[in-house]
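Colleague: Given next are the chains, with one letter for each unit.
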Amino acid sequence: MTAQSVKWWSLIHKWTSLICTLFLLMLCITGLPLIFHDEIDDLFKSEASARELPADTPQAPLIRLIEAAKARYPQRYVQVLNWDDDRANVINVFLSETPEAPPGQRFLKLSFDSRTAELIGEDAQQGGLMRAIRIFHRDMFLGLPGELFLGVMGLLFVVAIVSGVVLYAPFMRRLAFGAVRRAGASRTKWLDLHNLIGAVTLVWLAAVGVTGVINTISLPLFTAWRAQVMPELIAPHLGKPPLAKLADVDDAVVTARRAIDGNTPVSIVFPTEARFGTTRHFIVWTKGTTPITSRLFTPALIDAESGQLVTARGLPWYLRTLQVSRPLHFGDYGGLPLKIIWALLDLAAIVVLASGVYLWLGKRKPSRAVAEVPNRPAVAATSGISS
Amino acid sequence: MNRLRQTAGDIFRWPFWLGALMAAGLASALFGDGGWDALSWLAMAIPLGVVAWKASAGPR
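Taken in order, these protein sequences are the chains called U and B. Numbering-wise (the working numbering), the first sequence opens with residue 1 and increments by one. Numbering-wise (the working numbering), the second sequence opens with residue 1 and increments by one.
I should point out that these hints are in silico values taken from the structure, not numbers from a laboratory. Check the hints yourself; a few may be wrong.
What the hints assert, rightly or not - Beta-carbon label-pair distances, calculated as ranges:
| id | chain 1 | residue 1 | chain 2 | residue 2 | range |
| --- | --- | --- | --- | --- | --- |
| 1 | B | G49 | U | L53 | 44 to 54 Å |
| 2 | U | V324 | B | G35 | 18 to 28 Å |
| 3 | B | Q6 | U | G143 | 45 to 55 Å |
| 4 | B | G49 | U | A88 | 34 to 44 Å |
| 5 | U | S294 | B | A57 | 38 to 48 Å |
| 6 | B | Q6 | U | L25 | 29 to 39 Å |
Stated by the list, open to error - As a list, the in silico DSS-like pairs of lysine-lysine whose alpha-carbon atoms are at most 25 Å apart:
| id | chain 1 | residue 1 | chain 2 | residue 2 |
| --- | --- | --- | --- | --- |
| 7 | U | K45 | U | K109 |
| 8 | B | K54 | U | K339 |
| 9 | U | K287 | U | K339 |
| 10 | U | K363 | U | K7 |
| 11 | B | K54 | U | K189 |
| 12 | U | K339 | U | K45 |
Only a predicted model underlies this, so the values are computations on that prediction, with no experimental measurement involved. Positions of the beta carbon are idealized from the N, C-alpha and C atoms, including for glycine.
Modelling step: build the complete structure from the supplied sequences, incorporating the hints.
Modeller: Here it is in structure tokens:
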């Protein structure tokens, strides 16, 4: 590599890093508790479990849960029903205050025993600290613009990683892998640590960075998909009066199960004015049963009036990519040990970011310490080594 | 000062293999539970161990 190209890559590395570092540090720090959000939630909020009943106790019809929810809150709107992820035999029904249920509105969550249809819990989902941390991590309380801004910061971070790899070679030319020079100036030691930790955690940094960027465009991706499929789905219903009576929701689930063989239903979106549904369909979301396919959700649309299957096509590639990128960002797909590894890597990333800032600060104010460093790698890099 | 002069192959050998191990760890827990998860923990713990070892090694 020529001295000139080392200079250019250094500039790229310096500026992309500098611009994104503050935000990346924020993401690493807020991300740390989020890795363990399941465990933390369990610690502070004990949700009631379903009663012990014989294993062969049949499931109650879903309509009984819906009727119970409506009877309890007649002025609210049933938006979504889901089978609880963590609690066996628990089904949650989510109610909104307005039919449109704008993004950010908190649904009232009613939890039912799925066999007896008795109400076992009620949660206004006020959220608290973990919710605030999650929103700050996602968009800094700025909504979509904040989310997209963090996506741009993520892209800069990816460029910083790539330029860091390129610069690794000239800096390491005279050093064995992992060598940390402690004898000299503190700046040399931190340069070596920055290179060591950055080089080893590189793949993880890139994976979490890229999947994070993909997550920031999830809302636009869903909007694009919706714009693509909705006109065709809604066309047959244009000009018709609003639904007078809904088809049987239990039949809708049976139809969905038959349409997407091998998948299990995870949730039902009821006919709604909200953006995540349609006014004319039940959307039965299903997932596969293997570790990979359980991350891939496929919707079945059921006509809410006739109960007929409308479509059960798989999602387009960009939404599949989004679905796969989620676990790779959250680190929640390999049990607690993987979460601990995720947290250690997150801490390592903080060290790389902070040492990067430290190195830049040290360079700006040439001090005695820097002058003392014999054979600075930057000198070696620019002293006519070609590759 | 040592007279070490490494080729690109020398420089990137260890980062490459540790990165490959990390990538295998990221992927394997996606493939399955149980053994696949354990494989993932092992594959990702090794690079972390290398960092800890190299970063904590005594003065040289």
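Colleague: For G49/B and A88/U, compare the CB-CB distance with the range 34 to 44 Å and indicate the outcome.
Modeller: Once the Cβ atoms are compared, 38 Å apart, the range 34 to 44 Å for A88/U and G49/B holds.
Colleague: Could you tell me whether the CB distance from S294/U to A57/B stays inside 38 to 48 Å?
Modeller: Holds: the Cβ-Cβ distance is about 42 Å, inside 38 to 48 Å.
Colleague: With a cut-off of 25 Å on the C-alpha distance, tell me whether K363/U and K7/U pass.
Modeller: Roughly 14 Å between the alpha carbons, so the hint for K363/U and K7/U holds.
Colleague: Can the restraint linking K54/B and K189/U be considered satisfied, given a maximum Cα separation of 25 Å?
Modeller: OK: K54/B and K189/U at ~12 Å, within 25 Å.
Colleague: Range first: 18 to 28 Å. Now tell me if the beta carbons of V324/U and G35/B are that far apart.
Modeller: With Cβ atoms ~21 Å apart, the hint holds.
Colleague: Given the hinted pair K287/U and K339/U, is their alpha-carbon gap at most 25 Å?
Modeller: Status holds; Cα separation ~23 Å.
Colleague: Is the straight-line distance between the alpha-carbon of K45/U and that of K109/U 25 Å or less?
Modeller: At roughly 14 Å apart (the allowed maximum being 25 Å), K109/U and K45/U satisfy the hint.
Colleague: Look at the Cβ atoms of G49/B and L53/U and judge whether their distance stays inside 44 to 54 Å.
Modeller: 47 Å, holds
Colleague: Using the C-beta atoms of Q6/B and L25/U, is the stated range 29 to 39 Å upheld?
Modeller: 32 Å, holds
Colleague: Falls inside 45 to 55 Å, the C-beta gap from Q6/B to G143/U?
Modeller: Holds, since Q6/B and G143/U (Cβ atoms, about 49 Å apart) stay within the stated range.
Colleague: Within 25 Å, alpha carbon to alpha carbon, are K339/U and K45/U?
Modeller: Roughly 20 Å between the alpha carbons, so the hint for K339/U and K45/U holds.
Colleague: Given the hint that K54/B pairs with K339/U, does the C-alpha gap stay at or below 25 Å?
Modeller: 23 Å, holds
Going through the hint list in order, the structure satisfies each hint without exception.
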